[in-house]
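K.L.:
Sequence:
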Amino acid sequence: MGKQTDPAEIKKMLAALFEYMKTHFRDEETYMENMQYPYLDSHREHHRNIILDMTHLIKNMKYDFKQQLVIIMEQWLLKHILQEDMQIGEYQQEILQAQQMQKEHLEQNTVPKDSPINYIEHNEHEPKNDLHVDTNKKIKKQSVLHIYSCMCGRIYNIAPNIHANLQNGHTLRCKHCHTNISFISDMKI
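In the numbering used here, the protein residues as written are -14 to 174.
Any given hint could turn out to be false.
[As the list claims (entries may be wrong)] Distance condition first, Cα-Cα at most 27 Å in a straight line; then the derived DSS-like pairs of lysine-lysine:
hint, residue 1, residue 2
1, Lys88, Lys44
2, Lys(-3), Lys64
3, Lys173, Lys64
[As the list claims (entries may be wrong)] Computed spacing ranges between beta-carbons, pair by pair:
hint, residue 1, residue 2, range
4, Glu30, Ile56, 18 to 26 Å
5, Lys160, Ala(-7), 36 to 44 Å
6, Asn19, Ala144, 17 to 25 Å
7, Asn45, Glu89, 53 to 61 Å
8, Ala149, Ile56, 31 to 39 Å
9, Gln152, Glu(-6), 44 to 52 Å
10, Glu18, Gln84, 32 to 40 Å
11, Gln77, Arg11, 27 to 35 Å
12, Ser170, Cys137, 15 to 23 Å
13, Asn45, Lys160, 38 to 46 Å
14, Glu4, Ala149, 38 to 46 Å
15, Met(-2), Met86, 30 to 38 Å
16, Asn146, Glu4, 35 to 43 Å
I should point out that these hints are in silico values taken from the structure, not numbers from a laboratory. Where is the CB? At the ideal position from N, CA and C, for every residue including glycine.
Generate coordinates for the entire structure from the input sequences, incorporating the hints supplied.
P.N.:
Here is the structure:
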């Protein structure tokens, strides 16, 4: 029959999960700094609030371990990863799309006036960086996430225009496992 789990063991496992969460947040913030994510300060504040909430839950845990675990998973996984972290992916996608547009326009030797790419003159002694992405653009709060996955298990939130192309028969491969990504579902946020 089923074996009763020791409350101290559950608390120990939750503490390990909490430590992993802190490491994940630290690594994620470093990644956002490197990509110059425009909403880094707000995202850091979300991380601080989650850590404070989790600290309180773990310290005050008494009997209802299942309920506490559900609260932790809901706050971290559902709210944070599937909503807030997806915004980082959307921002990265915008940068990649802008870089692709820049490459195509450079190949054609023309830059349309309505291009989101601005070319900046350089000082010879400064590192060359001729791509500027508008970081004032707000990510829509009331939007739909187009969730895709690949064979290695990575999850992708695909931009609407790329999603439309994929739904019309185009393919996109994972950079890591090189398999086609597959549509999982749409999620309203």
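K.L.:
Now, for every hint given, state plainly whether the structure supports it.
P.N.:
Going down the list of hints, with the structure as the test:
no.	hint	verdict
1	Lys88 with Lys44	violated (53 Å)
2	Lys(-3) with Lys64	holds (24 Å)
3	Lys173 with Lys64	holds (12 Å)
4	Glu30 with Ile56: 18 to 26 Å	holds (20 Å)
5	Lys160 with Ala(-7): 36 to 44 Å	holds (43 Å)
6	Asn19 with Ala144: 17 to 25 Å	holds (21 Å)
7	Asn45 with Glu89: 53 to 61 Å	holds (56 Å)
8	Ala149 with Ile56: 31 to 39 Å	holds (37 Å)
9	Gln152 with Glu(-6): 44 to 52 Å	holds (47 Å)
10	Glu18 with Gln84: 32 to 40 Å	violated (19 Å)
11	Gln77 with Arg11: 27 to 35 Å	violated (19 Å)
12	Ser170 with Cys137: 15 to 23 Å	holds (19 Å)
13	Asn45 with Lys160: 38 to 46 Å	holds (43 Å)
14	Glu4 with Ala149: 38 to 46 Å	holds (41 Å)
15	Met(-2) with Met86: 30 to 38 Å	violated (47 Å)
16	Asn146 with Glu4: 35 to 43 Å	holds (40 Å)
Violated hints, in rising order: 1, 10, 11, 15; the structure is consistent with all others.
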